[in-house]
Each structure stands twice: as C-alpha cells, then as structure tokens.
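Asks: Going line by line, the protein sequences match chains A and B.
Note that numbering that gives the first Met the number 0 numbers the first sequence so that position 197 is 196, with each residue one more than the last.
Note that numbering that gives the first Met the number 0 numbers the second sequence so that position 85 is 84, with each residue one more than the last.
None of these hints come from the bench; they were simulated from the model.
Among these hints, one or two may not hold up.
[Unchecked claim] The list that follows gives simulated cross-link-like pairs (lysine-lysine, DSBU-like), each with its CA atoms no further than 35 angstroms apart:
#1 B:3 / A:107
#2 A:107 / B:60
#3 B:102 / A:190
#4 A:107 / B:158
#5 B:120 / A:190
#6 A:397 / B:163
#7 B:102 / A:56
#8 B:163 / B:3
#9 A:107 / B:102
#10 B:3 / B:120
#11 A:31 / A:288
#12 B:163 / B:120
#13 A:62 / B:102
#14 A:288 / B:163
#15 A:190 / B:60
[What the hints assert, rightly or not] Not everything, but these chain A residues come out facing chain B in the computed CB check (under 8 angstroms):
#16 110
#17 292
#18 414
#19 417
[Unchecked claim] Pair ranges (Cβ atoms, derived):
#20 A:70 / B:214: 50 to 60 angstroms
#21 B:158 / A:94: 20 to 30 angstroms
#22 B:109 / A:40: 33 to 43 angstroms
#23 A:288 / B:172: 36 to 46 angstroms
#24 A:318 / B:158: 52 to 62 angstroms
#25 B:172 / A:394: 54 to 64 angstroms
#26 B:187 / A:65: 52 to 62 angstroms
#27 B:187 / A:40: 34 to 44 angstroms
#28 B:25 / A:316: 35 to 45 angstroms
Beta carbons are placed, not taken as given, at the ideal position from N, Cα and C, and that holds for glycine.
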Amino acid sequence: MDSNQFLVDSEYLSPEALKRKHRLENDPSSRKNHMEYLPGMERIESDVCDRVISQMKEYCPEKYTARDVEAALEREVCGIEDLKALLSPAAEPFLERMAERARVETGKHFGNTVYLFTPLYIANYCENYCVYCGFNCYNHIRRMKLSPEQIEREMKVIAESGMEEILILTGESRAHSSVEYIGEACRLARKYFRMVGLEIYPVNTDEYRYLHECGADYVTVFQETYDSDKYEALHLYGHKRVWPYRFDAQERALRAGMRGVAFSALLGLSDFRRDALAGALHVYYLQRKYPHAEMSLSCPRLRPILNNDKINPNDVGERQLCQIICAYRIFLPFVGITVSSRESAEFRNGIVRIAATKVSAGVSTGIGDHESKYSGKESSCEQGDEQFEIWDGRSLEKMYGDISAEGLQPVLNDYLYV
Amino acid sequence: MDDKLIIGGREFNSRFILGSGKYSLSLIEAAVRDAGAEIITLAVRRANTKEKENILDFIPKGVTLLPNTSGARNAEEAVRIARLARELGCGSFVKVEIMRDAKYLLPDNAETVRATEILAKEGFVVMPYMYPDLNAARDLVNAGAAAVMPLASPIGSNKGLATKEFIQILIDEIDLPIIVDAGIGRPSQACEAMEMGAAAIMANTALATAGDLPLMAAAFKLAIEAGRRAYLSGLGRVLARGSAASDPLTGFLRD
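Only chain A is shown next, with the shape it has when bound in the complex (with noise of 0.2 angstroms):
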C-alpha cells in the first residue's frame, strides 16, 4: 500500500507485539470491520453522512474549468457547485482572486478580528494504530498522563501568559484517559480560562453532556479522512478505527448542548480535494440542521512525527492549502477558520489577512512542558513526549504583536459561558 512512508517499527515491541503490528500492517482481514459500531458506541439517526458522502462520491475536481471557477466568483452567495469549482485545479491560477474575495468576506463577518487560543496536551497515552501519528500506540515515546495537579500547575503558567481559551487534548485511550479525567481537567479549566474546548476521543451524548456541565463548550473531532476506504488503511487497530462513529461526533456534542464544534481532515492523508469537499459539506449540512451552532473548520496539514521524520503532506502545498481555505471562507463566509502551529509563521501572518480567524500561540503538543517552555526553567517533573513536530513556535505575546503589526486586532476572548 502506499502508506508506507508512516511505517516504523520499533527495537521496544516485544516479539509478539511486532508480529502483530506487522499483522495489521499486511493482512486487512486481520483488522476489525472500521463501519461497524463497537459495543458501548451510540447509534444516532441522522443523514448528514449520506449527503456529504455521495456528494464527496460524485466529485470529479478535474471536471471543472476556467469557466465555473470565474462564475462561483461571480456569485453572491456560492453553492455547493461553485465550491467543487473553487476546489478544482481549474481555480489554482485564480488563487489570487480567491483570495481578494475571502478577504472581504471575513472582514464582513469577522472585522479584523483574530482569535487566539492555546491547546494543553493532558495526556498521551494511546489505544489506536493510527499509522501517521506520532502518539501511535506502537511508537515509541514517553507516555505520560498530568494528574490533577499537574493540570493546575500547567494551566496557571498558561493563564499567566494572558491566553483565555484553552484547548484541552489527550491521546485516544479511555483506559487512561477516563470522561471523568477528562472532565476534572474542565472543570479546573473553567478556574483559568473564559472558553475550554475539547480536542478528545469522540464520546456517546450523555458523556459529552457530562463534559459540557464540567464546562466544556466546544468540541473539535478531526475526521482525518472522509475517505472510509483509506482511512481503513491508515487506522489499523483501536475503537477510532470505527469511521461512521467518529463522523457523527460533533452531531452528538451539539444535541449535548455544546455551543460549538470544530471540524477537519488532516490533509495529506487521502485525495486533498475531496477531503476538503467533505470537510465544508459536513459544516454546511450540520449548520443547516443545527443553525443556533457556532462552527469551526481547521486545516492541518500532515506533520513529521518522533521516529519518522519522512512523514509530509504529499501533494498539499502551500499554495493548495491556500486555495482551500479560501475556497471555505467563500463558501461558508460565518464559519470560523482555524490555522495551526503546524504551519510556518510566514503562513500564518499572511493567511490570518485573508480567512483565517484562530490562531494557536504559545503551542507544545508535548504532556507537562509548558513551564519549562513558558519560563526557560527546566521541569523538575517528567515530561511526555510530543505528538507531531510543530513549525510556528510563537509565544502569545510574540502573536499578539504580529498579528497588531498586520493592522489586525487579536481578541483572547469574545464568549460566554451560560
């Protein structure tokens, strides 16, 4: 298969172990069947699924031309045709235009406003053989899990920083990573911080209730992949192996009260194109059923990860992951844009003057490192070790001023909780 570039194996796994992995790497039927719905996992009816599947199904991006791209940018409001075509190789040449036109549509839905946020990785433990991700249970890393006060002490040296929007992250393992710690972590978020999202395992409605009464309000679940097929080949083992489960996440988070909901495909991974089509669809739908929701789309691009630093983005260069971001905001001009550390802060200083409304500052997607990273001193604790490298190592204040410089205004907290 041509996933081979994630493949690592390690001098750690036992015999036994690196049989197995080397198992699912090679023999499909090994693996569980990724559309059936593990025991414990709740069913929702809902079509959303359906309708962005067999659009996403139905897409040709080399279909459209010149011509469709020039008539979406025409139109006042675009469609979901005028999305494929700003989706299309056919609209590359017209990124320039793209952007002039996402540019006055977040200024009319977002001034000049940008957000910033930082997310708190809590936990890295991991059930899941996701082959590209650097918290893979077959790689090799420290492991590492913050304990209650370990959270207090990371999220005081985040919040005197200034930030008050936190993103809260654990690697997928409900063993180690409990609803209940989860939710302990919260709840001494709510202490420090004016907005706590989530960046978890997808969890059944009640759980995510749970979470929002421990003062949770947003919940971002990357699909990774809209293409079930590959994502079969790149999930090889674990409960997130499961796809449908994981795409209605964000649907039982809102129908648990949650305010918000964060989406994406890590681009790279599959057709890009596609990707994204389905990535905007899942927004559009949802928005249509739900339209009290405020919405988010993210745009990460693969990453190196610890162990493999072969591990890139493929054909998504800048200019495409440009291309798509535009391509949303034309299309969804209300939703929010958010552009990870992933990308250099070149990227992000200039995709910020045209679509994107987040940005993360003072970012490490290691466990336990944010007082080393925050004051210089050395930790006195253990650390875990990170989950992809990142690019933009922007302090909040060093993001704060630059985004100023571009004649931007950085806002650290526009939200309430009720």
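With chain A's structure known, arrange chain B on it following the hints.
Replies: Only chain B this time, still in chain A's reference frame:
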C-alpha cells in the same frame, strides 16, 4: 432646538448609537468625537476578559454603556448575561439580542419578548433588537421595553433599509422610540430612516469598514441630524406624476 432623545428617563442629545459589531479603540474614539455618540453598545462577552483588551477600558467617561446580550440563544441566557453586565458595573441599560441562527444572526422575536419581560421587571432599561414585526413590537411594549430596535437589513451587511415599509409601520403605530439597528450602511440610509421618524440610528460596520473612519463618523452625524430636522419640519410633498394646479381645483365653489 430642544430635541432630546429620551430613553428610560435619560436624556440624550445625540441620535447616533454605536453598535458593537467590529470594535476597536479608533472606532470608539471616532464615534464619540466625530459622530457625537453618547451611547455605546458593548458585547458583554467581549467585556468578559481579563486584561489586555477589556473594551470597558476603551469607553470614555460620560458615555452611557449599552451592554448587549450577544451570544444568547434563548431568553434565559439573555437574562443571565444582562445580570452579569449589571454585576460588571455596566449600569441598568441593556440591549437584548437573542439569536438562534449563527449564520445570519437574525433575532428571535418570541424569545426577545420573554427576556424583555423578565428584565424589565428586574428594573433594567430594556432595548430589544428585533425583526420588524408589528405584533412582536406591541408585545415588546407590553413587556416593558424602553425602545424598540428593528433591523434594517442583516447585521453587518451595510445593505440599508431592506425592511423600510415595516419599520415605517412600527414608527407609525408604536409609542416608544424606534431605533433602527443593523444593516445601515451609508449616511444617506441613516438620513432616510430619520426622515421617516426613527428616533435614532445604531451602526457600527458602516463606520468600521469605511475608508476614513473619522470622516465617515462625521458624515453620519450630519446625515442623522439632517434627517431628524427634515422629520420635525414635516417633509414637503412629493408628486407622483404631472404637475399640481396652482389655483385650487375647488375655487369655483361659491358658498
């Protein structure tokens, strides 16, 4: 000319109110200095911040704060936000803003009536943002609103008086100040609304997105004053077609 805008027993000389959409220090300065704003809306959720950028710090002294409940999706949430605003020291004025739609940000009239009733009973000076519907406006009056604030067109759109006919009906039928809120994009549109008899204009995006902010703020001030004076003077007649006879048509009648 003694022509005060009176809301909740408080008198204002200016009929321009700054909205909360796109905030910046320079916008607030221009609104107060050049547009003469005496009321400034602020989103409580933006004031709910710790240091760097608390917009409460931007508001000059002597200006009446109008905290709004943006972010509220129903009456209960609006009530909670209004109470929080009072605790934050924003006074007793509140603009009720309830949206169940994150795309167009259109107000929910039914929930707005409910919140208005609760807040008016608690002593707030309630200024509800609403979709211009006469029945809802009457319900707001009965609920204890201090003004009624119909939208001219979708918020932030600068599209002008798309709901003109319906705003005129509110002006004609409702005995409270009708403040046109949202969608006013040009001074000429503000002037037109004032000529119609609107009591005041609320705008933000029209200024925030203008080429020269202070100049546009000054233009709004003049346009609103011009429209107000035209309204007070009574507009001259407009002829649909042809010309009017200079002698009365009934001049031949002898008794």
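Asks: A separate judgement is required for each hint: does it hold in the structure or not?
Replies: Tested hints:
{"no.": "1", "hint": "B:3 / A:107", "result": "holds, 33 angstroms"}
{"no.": "2", "hint": "A:107 / B:60", "result": "holds, 30 angstroms"}
{"no.": "3", "hint": "B:102 / A:190", "result": "holds, 31 angstroms"}
{"no.": "4", "hint": "A:107 / B:158", "result": "holds, 12 angstroms"}
{"no.": "5", "hint": "B:120 / A:190", "result": "holds, 32 angstroms"}
{"no.": "6", "hint": "A:397 / B:163", "result": "violated, 47 angstroms"}
{"no.": "7", "hint": "B:102 / A:56", "result": "holds, 27 angstroms"}
{"no.": "8", "hint": "B:163 / B:3", "result": "holds, 24 angstroms"}
{"no.": "9", "hint": "A:107 / B:102", "result": "holds, 12 angstroms"}
{"no.": "10", "hint": "B:3 / B:120", "result": "holds, 26 angstroms"}
{"no.": "11", "hint": "A:31 / A:288", "result": "holds, 32 angstroms"}
{"no.": "12", "hint": "B:163 / B:120", "result": "holds, 31 angstroms"}
{"no.": "13", "hint": "A:62 / B:102", "result": "holds, 30 angstroms"}
{"no.": "14", "hint": "A:288 / B:163", "result": "holds, 31 angstroms"}
{"no.": "15", "hint": "A:190 / B:60", "result": "holds, 31 angstroms"}
{"no.": "16", "hint": "110", "result": "holds, 3 angstroms"}
{"no.": "17", "hint": "292", "result": "holds, 6 angstroms"}
{"no.": "18", "hint": "414", "result": "holds, 5 angstroms"}
{"no.": "19", "hint": "417", "result": "holds, 4 angstroms"}
{"no.": "20", "hint": "A:70 / B:214: 50 to 60 angstroms", "result": "violated, 37 angstroms"}
{"no.": "21", "hint": "B:158 / A:94: 20 to 30 angstroms", "result": "holds, 29 angstroms"}
{"no.": "22", "hint": "B:109 / A:40: 33 to 43 angstroms", "result": "holds, 37 angstroms"}
{"no.": "23", "hint": "A:288 / B:172: 36 to 46 angstroms", "result": "holds, 37 angstroms"}
{"no.": "24", "hint": "A:318 / B:158: 52 to 62 angstroms", "result": "violated, 34 angstroms"}
{"no.": "25", "hint": "B:172 / A:394: 54 to 64 angstroms", "result": "holds, 57 angstroms"}
{"no.": "26", "hint": "B:187 / A:65: 52 to 62 angstroms", "result": "violated, 39 angstroms"}
{"no.": "27", "hint": "B:187 / A:40: 34 to 44 angstroms", "result": "violated, 59 angstroms"}
{"no.": "28", "hint": "B:25 / A:316: 35 to 45 angstroms", "result": "holds, 37 angstroms"}
Checked against the numbered hints given earlier, the structure breaks hints 6, 20, 24, 26 and 27 and satisfies all the rest.
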